[in-house]
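With the hints as constraints, model all of the structure from the sequences given.
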Amino acid sequence: MERLPAFELKRPTSLAQAIEWLAATPEARAIAGGTDLVPNLRDGIGAPPVLVDLSRVPGFDAYEIRTAGARIGAGVTLARLASDAGVAAALPAVSAAAASIAGPGHRSVATVGGNLCVDTRCVYYNQSEWWRKSNGYCLKHLGDTCHVAPTGTRCHAAYQGDLAPALIACGASVELAGPRGTRTIALEDLYRDDGLAHLALEPGELVVAVAVPAQPRGAMSAYRKARARGAIDFPLAGVAVRLAVDDGRIAAIDVALTGTNSRPFRLAGTAAWVGRAVDDGLLAELGKAVQKQVSPMRTTVTQSNWRRQVASVEAQRLVRDLAKVAS
Amino acid sequence: MAKRVLSFVVNGRLREEAVGDSTLLLDLLREQLGLTGTKRGCDGGECGACTVIVDGRPQLSCLTLAARCDGAHVETVEALAAGGRMSALQAAFHEKLGTQCGFCTPGMIMAAEALLRGNPAPDEATIREALGGNLCRCTGYVKIIEAVQAAAAAGGGR
Chain C
1 MERLPAFELK RPTSLAQAIE WLAATPEARA IAGGTDLVPN LRDGIGAPPV
51 LVDLSRVPGF DAYEIRTAGA RIGAGVTLAR LASDAGVAAA LPAVSAAAAS
101 IAGPGHRSVA TVGGNLCVDT RCVYYNQSEW WRKSNGYCLK HLGDTCHVAP
151 TGTRCHAAYQ GDLAPALIAC GASVELAGPR GTRTIALEDL YRDDGLAHLA
201 LEPGELVVAV AVPAQPRGAM SAYRKARARG AIDFPLAGVA VRLAVDDGRI
251 AAIDVALTGT NSRPFRLAGT AAWVGRAVDD GLLAELGKAV QKQVSPMRTT
301 VTQSNWRRQV ASVEAQRLVR DLAKVAS
Chain L
1 MAKRVLSFVV NGRLREEAVG DSTLLLDLLR EQLGLTGTKR GCDGGECGAC
51 TVIVDGRPQL SCLTLAARCD GAHVETVEAL AAGGRMSALQ AAFHEKLGTQ
101 CGFCTPGMIM AAEALLRGNP APDEATIREA LGGNLCRCTG YVKIIEAVQA
151 AAAAGGGR
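Protein chains in written order, with the numbering used here: chain C, 1 to 327; chain L, 1 to 158.
Keep in mind the hints are simulated off the structure, nothing from the lab. Hints should not be assumed to be uniformly reliable.
Claimed, not checked - The list that follows gives simulated cross-link-like pairs (lysine to aspartate or glutamate, EDC-like), each with its CA atoms no further than 20 angstroms apart:
| # | chain 1 | residue 1 | chain 2 | residue 2 |
| --- | --- | --- | --- | --- |
| 1 | C | Lys324 | C | Asp233 |
| 2 | L | Lys3 | L | Asp27 |
| 3 | C | Lys292 | C | Asp280 |
| 4 | L | Lys3 | C | Asp53 |
| 5 | C | Lys10 | C | Asp61 |
| 6 | L | Lys96 | L | Asp70 |
| 7 | L | Lys96 | L | Glu146 |
| 8 | L | Lys3 | L | Glu17 |
| 9 | L | Lys3 | C | Glu8 |
| 10 | C | Lys10 | L | Glu17 |
| 11 | L | Lys3 | L | Glu31 |
| 12 | C | Lys10 | L | Asp70 |
To be verified - Chain L residues, not near chain C, derived (Cβ > 12 angstroms throughout):
| # | residue |
| --- | --- |
| 13 | Asp21 |
| 14 | Leu33 |
| 15 | Ala82 |
| 16 | Gln100 |
| 17 | Thr139 |
All C-beta atoms in this analysis are idealised placements derived from N, C-alpha and C, irrespective of residue type, glycine included.
Following this line, the structure appears as structure tokens:
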């Protein structure tokens, strides 16, 4: 890779200062662990004049897990999240998702906020400057055509963060802070189905923390992903499920997906399965619903249809396995 | 380029270095400090050859801004041998043939060193997990795993 472009590193020691510096330079970027941002910058994707380092913002790495719910600071590292027994017990899907992200050398510095805000990815985008230039660039950066769907008008780069589906399935919301104050939104509303601008953040706005409510009684959750390199890779398709079963019937079911669309999303229509038993008929309906709602495009070297099928099968396996544990 | 004076401890020695804001830790170690044990492999965070230990944690120096290491303790493979003797991990990699071409070895050893400090008796699955971010194109990993197991049996990373 190339050397980093020149920038000024600012190291704020308060949230207000971080927001002020981000707002003062519209092209400034926030940096937490930097494990996604740094390789992108080294690939010539963007040249922000200022990087605002969030590692010294007080309280950014605080978190608490209680029976009433959890609050996880955006600066908590994935290593810490993945190794925490409280998270593993209360939010197993979140714990499994954190442990599945990249390798130990990434997780030791990569953060919750960084993974939630990870850039969308595409085989035409995550390339060197000379590769992208020789291909006429692409709609996501400097070009005017999406090579994945050249006749369309939008960018199809895929969102491939792992924490988001697990947290969405567990009903999480995100606390945001920006020049216009703070707000809290449902995590799924942080995302837009647009590979070019997949985050619904306002200029200068940051993810400060994730809040997860108390989980329904008896609810269990899990996360699975398919990837090319088993030890360290982004999900080609990832599925999180939270399931509560009462007397052999579904009391609550939440399914969220990643890797297949430009945003992580909650599977629609699952409420209709409440009261049903987890049997072959239900699993077939689940599989079909996933196949219908995911839209993997040619953003990876793996075939889109395989990713569609794998998302569907992984969702079925998760629900079947969780139901088995419940009985 | 904006520069600042970085004050940090490298392999036990306090250093002050003038670094650019966009200087990578890998470049600082290799080119400014002459510590070429840390290897530039894929140079994009995918192979682990540049793994060093920062404040006790394994970290990829090709993705780390040097300026953010102000006040940190950085350890490279050069720190392991003491008094002309290899550390237990280095000796085990040598004896168990965990090293072939040797290019991935410093990263493997530093990742394993970070593991053994926190967990002196890891099982095989834990070793594989800890080395999951490190690629070797020669050995097929079996000898590397055996080397880490041997080092653990011999009393850890030291």
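Mind listing which of the numbered hints don't hold for this structure, in increasing order? Violated: hints 1, 6, 13.
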